[in-house]
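Undergrad: In case you want the letters, here they are:
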Amino acid sequence: MNDLRVRLSQNAALLTAIVVFILFYVFYNMNHPRGFSVAVLIQNSNEVFTLAMVAMAQTVPVLMGGLDLSVGAIMTLVNTIASHLLNGSPMQIAFGMVVSLAAGAACGFVNGCIVVYGRIQPIIATLATGAIFLGLALFLRPSPGGNVDDDLSWAATNDLYEIAATYGFAQNGEAGWFQPISWIPVPLLLLVLVAVLVWLPFARSVTGRTVYAVGSGEGAAYMSGLSIDRAKIAAFTLGGFFAGIGGLYLTLQTSSGNADIPQAGAYTLNSIAAVVIGGTSLLGGVGTAIGSIFGALILRTISFNFRIFEIDPLMQPLFEGTVLLAAVSLGAFRVLRVKNTLELFR
Amino acid sequence: MTTSAPEPATSRLKISEDNKPIVMSAGFIVVILAVGTMYTLYTQGTATLLSPEYLLQQLQVGAFLGIVAAGMMLVILLGHIDLSIPWTIAAGAMMATTVGGPMAIPVGLGVGLLVGLVNGLGVAYLRIPSMIFTLGVNAVMRGLMVAHTGGFAPQTAATDLMQYLAVGKILGIPVALLVWAVVSMGVMLLLQRTAVGKSIYAIGNKEAAAYLAGVPTKWVIVSAFCLCGMLAGLSGTLLAGYSTKAYQGMGDAYLLPAIAAVVIGGTHILGGRGRYLGTLIGVILIVLLNSVLSIMQMPESGRQIIYGTVIIVMLLVYGRGRKVTS
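Residue numbers (the numbering used here), protein chains in the order written: chain A, 1 to 346; chain B, 1 to 326.
Since the hints were derived computationally from the structure, they do not count as laboratory data.
Just so you know, even glycine gets a beta-carbon here, dropped at the ideal spot from N, CA and C.
It is possible that part of the hints are untrue.
[Said to hold, decoys possible] Quick list of in silico lysine-lysine cross-link-like pairs, DSSO-like style, CA-CA up to 27 Å:
hint	chain 1	residue 1	chain 2	residue 2
1	B	K323	B	K218
2	B	K323	B	K20
3	B	K20	A	K339
4	B	K20	B	K218
5	B	K323	A	K339
6	B	K206	B	K218
[Stated by the list, open to error] Facing chain B, according to a computed beta carbon distance under 10 Å, are these residues of chain A, among others:
hint	residue
7	A125
8	F202
9	V206
Go ahead and model the full structure; you've got the sequences and the hints to work with.
TA: Quick look at the structure:
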């Protein structure tokens, strides 16, 4: 009867995440000593982009009812690959980017094949492949370093004006028609592009719907004649591709490659937190990668707020941990609504 | 679950589904030892790996991982997981050295127990997936310890008793190994001989069925998490004794190997199936693999690759799930 109300209730978790993020971010900007400025926006979106990508990477396997403990490792591996390839002529750089992204997707494909054909549980299969990817990353970059094209690195981490000025189009960014959009930070634009051009088409494709179906009930999906194997492999491959974008961007942001194992672990764990905060169920079948983007935004905005309130740095991890624990504990309200105890055991 | 009914004599030669991982892992341990010995014979002309002193020393180091894995197994058998292990270990170690004196070890265990209690309550009563709840608890523990120590390695030292338990020897046998043995006996008895143990398997197989059968599921889940936390606290206390003090991130290297040891030993990651003997063998396998790789002076990159490959290959051989068709 009321289509809007149904749609709202179906997306309640996503909407909550968006509202919470807006509240946090407005609060941050109102308390920022210099108020809102484009420079702050650029810096913030730079800091958010990689985690947002890794969170999207985590979402796809989670929707399928699995978990990918190798997203941080794939990001790190692509980071080390890109740190070798992103220099030279424009053609060489373009080639390097394609190879980096393909490597990310290939890692995800390997995960998918092991899960589908090896029939090993995703959590334990990706735990193992994660170790292998980190080993390869260490092999490529035993110590941090790299040679990344400065122009590209500068252009990708600033606003659109700097891209135009660096590569000399739209009259070096001075053209009149270019002014209304010249302030947009590149990472923010990339984030929207990836969500609109990659995620939304995938989620609406048959394969994407199959991923949701497998997460809701694999047996039912099989009996409905859906090609489960293809959906699983596609889910992991897309996850690897997203993690690859994150790794590529990290390379541009830091101008170097670093096979940092603790960092890979931190990104993996934060990605799970972002997915949950973004309203995706760890049981599978419910949620969207858009929510995970907002989950990542919320996590990062919390750290932004620490910065301006000059909280004792030693207390920061405790605050972050408490907020994380409180955020995931919100799911406990489900328990209060359950009328039949047996409904709890899903 | 295994039944106690006597098996017919003809089935002696057949390896049951439950024992297959144990036999295979044991075989793989022999392979590791053989390869390592050939390497040392070739490069140094000695069979260092096979000397009892060397093996005992490796097992002593393995005891810390073994104690953690024993607790982890209880939680995995339930179909849950405990990701708060790293900072439970560190918190146990740090609080034990801070308090010092005769109360050091009880405090270390108590801290672990408390963390486990929080985990258990969150998972059993709030029904939050253990994967994410224990992750949050881990972050909180890290925060508490950073606030407590100021982000540096604490200056406090381990007590003499802690050091004795970690590095002391009785009749040539490391005390840490004896502690591991006592823990192992306890866990084995718990799983095979007590109602709680049987309930753990039942919940791992089908929680709703266990609940309907009258198992106090919440209570069993809370106790399993408590035991897991307490064993992590014990391991942290011993680890502090081994290196004479506690330090930041001292538990980080134990989470993934503990999960890997449990899974390589044949425990199903979704719970309900697995024998403690397998976990024991899994720990020994990982410890020996590590030690052979360091004898071969394998760089970290190669170690990670071999480590991951071993887990996958072992699981491909015996850990394959069934295709879901209905």
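Undergrad: Would you mind marking each hint as holding or not holding in the structure?
TA: Each hint tested on the structure:
1. B/K323 x B/K218: violated, 31 Å
2. B/K323 x B/K20: It holds: about 20 Å lies between the C-alpha atoms, which stays within 27 Å.
3. B/K20 x A/K339: Answer violated: B/K20 to A/K339 is near 43 Å, above 27 Å.
4. B/K20 x B/K218: Outside the cut-off at roughly 32 Å; violated.
5. B/K323 x A/K339: violated, 33 Å
6. B/K206 x B/K218: Roughly 14 Å between the alpha carbons, so the hint for B/K206 and B/K218 holds.
7. A125: holds, 7 Å
8. F202: Violated: closest Cβ of chain B sits about 23 Å from A/F202, beyond 10 Å.
9. V206: violated, 19 Å
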